[in-house]
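Colleague: Sequence:
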Amino acid sequence: MADFRQLALAFVLDDDQAKLTSIARKAASDSQRTLARHRVHDVTNIYTEIQTAAANTNPVARWVEAVQPWMPGSNDDEVMQDGQDAPDWTARAKGNGPPQSYRTCADSSSAGIPITNARFPEQRYPQAEPRTTSACIASNLSSVKLLVAFFGAMFDVDHKAGIKASATALSRIIAMKSFQPQSGYDIIQKVCTLKDDFPRQVSKTRLVVYELLRSLITDAAVASDLQYRDGASGFMNDLLHLCQLERDPDCLMVWFDILRFFMKEFSPSQEMLEEVYGSFKAYFPITLPRASQSIVTPDELKLQLRKCFCATDRLAPLALPFLIGKLDQGDGVTVNVKVDVLRTIRACIEDYSRPEQSVTPYVNRIWGSLKYEVRNGEIEDTIWATLEVLKAVTSRLKGDELRDYTLTVTRDCVNDLSNPTYTAAAGRLLISVLSANPSAFLLMVAPALTHIKENLRHPKSPLHDQDLLKILRIILETRLLLTGVHMADQDRADFAAVDSVFKTLYNDVYKKAVEVGSTTDASYDDVKLSTEAVQGAGALVCQRVVTATSHESQTQGYLLLPEGTCAEICGVLFSISSQPRDETTRSTGSDELVNEAIRALQRSIQAYPWGFRPLVERGVAIIRKSYSDPCPESVAMIQRLCSTLAYVGYLDLRQCPANGMRNFVCLSRALATELLVAIDVKADPAVWSALAAGIHSAALYFNDACMELAPQEGLMTAQDYWLSGLVDKFPELNTIGATTNEEADSRDQLLVVPEAQRRVSDAIAVAELRNDGLLITLYVCRLLYRRATKPLEVHPQSGKKALDLSDDFTGADQSAEYRYLHQLSKLVDFVVYQIGSAGLSSPQMETYFLSLFRDDFICVPSSAPGGQQTAEDKDSWNWLALGPLNALSFGILKSLRPSGVTRLYDVGVAQQILLNGTSSISSQSDAMVLPVARAIMAALANKYKLEGVSDLMATLEQHLRSALKQAGTGSTPEDRRSGLEQTLTIFTLAGGLLRRCTGKQTQGLLQLLREAPNDRTAGYRLAQGLEIVVAPQTYLTKGSGAVEKPLWMQKVYIDLVKPMIGSAVGASQEVQDPLIKANFSISVLQMVKHMRFSIYEDDSNKIVRIAISVAQTMGTGPDAKAAVEVLKNILVEAPEQAQDHIRSLITVCTSLFSSRAASTQARPEWLPRDYAGSTDDPEIEAGCGKLALEIVGGLPRMFESRYLLAYAPQVQRELCMACGHRVRDVRRTARLARAAWLDVK
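Under the working numbering, the first residue of the sequence shown carries the number 157, and numbering increases by one thereafter.
A hint or two may mislead.
[To be verified] In silico PhoX-like cross-links for lysine-lysine, where the CA-CA straight-line distance does not exceed 20 Å:
| hint | residue 1 | residue 2 |
| --- | --- | --- |
| 1 | Lys333 | Lys351 |
| 2 | Lys626 | Lys609 |
| 3 | Lys346 | Lys360 |
| 4 | Lys360 | Lys301 |
| 5 | Lys420 | Lys351 |
| 6 | Lys1101 | Lys1194 |
| 7 | Lys482 | Lys437 |
| 8 | Lys351 | Lys320 |
| 9 | Lys1201 | Lys1233 |
| 10 | Lys982 | Lys1245 |
| 11 | Lys463 | Lys482 |
| 12 | Lys1194 | Lys1214 |
| 13 | Lys626 | Lys616 |
| 14 | Lys1156 | Lys1101 |
| 15 | Lys1214 | Lys1245 |
| 16 | Lys301 | Lys333 |
| 17 | Lys437 | Lys463 |
| 18 | Lys1101 | Lys1245 |
| 19 | Lys1214 | Lys1156 |
| 20 | Lys547 | Lys609 |
None of these hints come from the bench; they were simulated from the model.
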């Protein structure tokens, strides 16, 4: 058997914690292999001996005896002197090590838990299956008691070195299954022997002790033993004395939790409860010192202390008078303390059980004290906290107590309603109490409304009037909320008794106040009053009768107001919403009135959907009058009316899907019909655009309403039957434009909008509802597309059937007509995208792309062999993409899925469009047609594997080669311009292609792109045009169905931009002409500005030099703007790249925001006069100046002052002058930059 005294000495002398941990792990294992001879060999034998000892030898006891010489109070204290008279506290603390390590290793090695001497988990670990009697000695009751006694002795005899270690060990021991609850009392008593030495321990040691105490007291078995032993009084007295001076936040969090648990679970005597209450009351109010290093926040600490106050309702006689007394101290209480007190009172009221005994006795005192916090209060935080307390009090009262309390509140508040000074405060007090529950509402609402109406008859001031209306509106909102909560049947029946006071509110109160806002000569006070009144009127329409049985849904209840009153309110609100706006109305605040009226009207239609049809009729009449007798505000008026009707008709489909569909069909039909009428009477095309935008808004709102219900993938619709099936389902659609060709005197029939009669089941699937809405919009688009086009039996160029703009487009206002076409295009694009996302496989949109919905005239070709059409079909589709109709066709193509584009290639139409669009003979000069044609070709190139068609790729490369040659060497300026436009068209196509593919099939095209700037004549324009290859395009995003490979931009940089960088910096022997190098520099900057820094990071140093060179050479203009954009991005990501160029940076930036420097800047001799002349565009000039100032202003933050000090005087002078720039944003940026440079010293 091992000599434990020698082993203990070896353990105490060892300082290597890692070795001790490793040896402890090995000692607890089953292996008994011989260890190498070293100093810890004997220590390992401690654990081996303990584990393998016989059952009757009690090795734990022998170990305790062995370490006794190192324990305080032993006779050998004088032997352990390290100096003159100081005991070796480290050695003493290590005397606890072997038992701790043994407990950890033995328990962990058997239970599969990581071994550590410093971490004692709180959870109870499963006990290992015993292999031998001696191997499970840790489970022996006598051993655990001996360990408890051993570690507990440390609290009595050693108050310096061993407290934390002993507390940690005990925390681990009490988590064991073999721990006896009776030992909990012994541990608490041992801890209490620290007495006055406990506050002297460091906070981390105290925290471990607190955690130990909490573990004991919250353990059910230990708590039961403590209560049985001494009634929970003795040990808590000792703990209160031990912890009375605690100040550490972390320790207080645990201590307050202990007190809360004790008061809630131990049922202490009243005397003991008062002592505990006194211990935590002394901390109130509590906060953290500013120098505190604790991770505990002030709010967490306040909340933990608050839990003590509301731990048990037995504290009510102590806590509530104390807290109310704190409030009554007056101005001596700060806002934060007052809020804390109020929140504590609220917590107590909400958490105390038996409110009849704990809350009711203090109701009058609470009301008498707190009402003045609102009546005379000025701090919103305090007022809100007070109102929450009053609401909590109301929610805890019942029966006679509630009736008496509400009577008191009503009596005190209604008198203040007549005093303008206290009206708002009285209203807040009333609402806080009556909104607590339905019972309080029923008791208070009738007298409150009576006094409000009485005071509204004799208001003391306009503000008094507004305050009263606001109180009334909030009462209405409260009724809406309360009618939706669960209530007793008696309360439901009582609601009918007070309904009469609500039914007359409109005629008695709101009618006059609302109507005054609809007059043109309303004053500022009238408008403000009406603004409040329309909100209340909207809430009044939403009121419903409360049914007598609770199982019925309130959404199915009847409206409280008669239908005539609801219709009247909706009509007045619409009159306000449709008011014309000018500077006079804006100065009186009418904008706010109109906005609130629209919101109130939308709420009203949600509750009263039958009121929408009359509004549409009135809106159509106003629209008709506006364009029949036009004025400068006509178009703006129509736009506002259409958007207002679309918003008002937007309903929450959760309540009734049928109502939402009816409103959508009604409005869509009315606006579409009116649009066709406007076209018939030759109204301004701007009116067409406004009406088309209204249809778009209605479709957007209805689709959003469906999407809020998360529809599943839609039902598949057969292509051949969607049109006829839709008309059968919605017969109202057949009436759109049915009388548009009749005489003017019969057109008045169109002003009558038939209500949708379709039977829509409220249980209809949301997906089907959404699909119906999309198909209805598609039907309207079909009508409008057919109206915008006319058939041509023989096209002038192809000699085949084609389409052209209808005769309605006279060209008198060509820009307005094109805006209408683009508005139609946006509408169709929305429908095509949503149909694709909804999962509708049909109708096949590529068919409508080819026919523009005139499929009865334009025959869709069948699949061509190899996707190639015959020579006679060469120009048969030019009208579709290269003429004025391309705006309409692009609307369908933009969001068309790649599968649909594939079918266009299958029939050979897409190839023909690409070839004809990039050839020189079909180049477009129309500035409105050309951008759309380019977008169509880019989309076609992106959504199909174009690189796989080798013949087509070769032809496109040949077209680009010819266009580059023509742009540079054309015989006439017109030829060169034509070549340049053709080149830019192919650049756009390449942008779509390269987003999807940058493989070997595109290398020929990339080579031509790289050579484009290498031309003295057209190189500059081509260099700028290369930007379109990488610039973001709305029609080339994933949202529109475009294909974007994840690394396409990186590949374009490697294949296209990086070779150009070498040419720009003169690394290429073929490019030494400074003009050509400038071209390459511009192309690099125009593309790099659209790339992330990580893409070009490796070449950032070269790009910095290129950007500085371009900005110095070109002067203010688009090229300099691109240069400073790139410089700013690099400086933000890697400022060290520009450290060697600070002087050049400052010079360049100064020249861009200083008008004096720009006027004296000389152009290089090798730069032609007509090459990139300085722009006169004020927007570009302001953009350059702002970016330059941002760079200069950021230099002091990026670089140390020693790098900038030499330039500070010059920069500060220039910044001072820039502060007077004519553009506001530039002035603001200059002031910020100037402030930053003041710190350069």
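Colleague: Hint by hint, note whether the structure agrees.
Modeller: Do the hints match the structure? See the list:
1. Distance check on the hinted pair: Lys333 and Lys351 sit about 30 Å apart at the alpha-carbon level, beyond 20 Å; violated.
2. Proximity of Lys626 to Lys609 is assessed by CA-CA distance (about 12 Å); at most 20 Å being required, the pair is judged to hold.
3. Distance restraint check for Lys346 and Lys360: the Cα-Cα separation of roughly 19 Å lies within the 20 Å cut-off, and the hinted pair is therefore satisfied.
4. Under the criterion of a C-alpha separation no larger than 20 Å, the hint pairing Lys360 with Lys301 is inconsistent with the structure, at around 26 Å.
5. Taking the CA atoms of Lys420 and Lys351, the gap is about 26 Å. The hint is violated against a cut of 20 Å.
6. Between Lys1101 and Lys1194, the direct Cα distance comes to roughly 16 Å. Compliance with the 20 Å bound is thereby established for this hinted pair.
7. As the CA atoms of Lys482 and Lys437 are separated by approximately 12 Å, the hinted pair is consistent with the 20 Å bound.
8. Distance check on the hinted pair: Lys351 and Lys320 sit about 16 Å apart at the alpha-carbon level, within 20 Å; holds.
9. With a CA separation close to 31 Å, the supplied pair Lys1201 and Lys1233 exceeds the 20 Å bound.
10. At most 20 Å may separate the alpha-carbon atoms for a hinted pair to count; Lys982 and Lys1245 exceed this at roughly 29 Å.
11. For a cut-off of 20 Å, the pair hint linking Lys463 to Lys482 stands: about 18 Å separates their Cα positions.
12. Between Lys1194 and Lys1214 the alpha-carbon distance is near 27 Å, which puts this suggested pair outside the 20 Å criterion.
13. Between the alpha carbons of Lys626 and Lys616 the distance comes to roughly 15 Å, so the proposed pair stays at or under 20 Å and holds.
14. Distance restraint check for Lys1156 and Lys1101: the Cα-Cα separation of roughly 13 Å lies within the 20 Å cut-off, and the hinted pair is therefore satisfied.
15. Using a Cα cut-off of 20 Å, the hinted pair Lys1214 and Lys1245 holds, with the two alpha carbons roughly 14 Å apart.
16. As the CA atoms of Lys301 and Lys333 are separated by approximately 13 Å, the hinted pair is consistent with the 20 Å bound.
17. Only pairs whose Cα atoms come within 20 Å are accepted, and Lys437 paired with Lys463 is accepted, the gap being roughly 12 Å.
18. With a C-alpha separation of about 28 Å, the suggested pairing of Lys1101 with Lys1245 is violated against the 20 Å cut-off.
19. At roughly 17 Å between alpha-carbon atoms, Lys1214 and Lys1156 fall within 20 Å of each other, so this suggested pair holds.
20. Between Lys547 and Lys609, the direct Cα distance comes to roughly 24 Å. Violation of the 20 Å bound is thereby established for this hinted pair.
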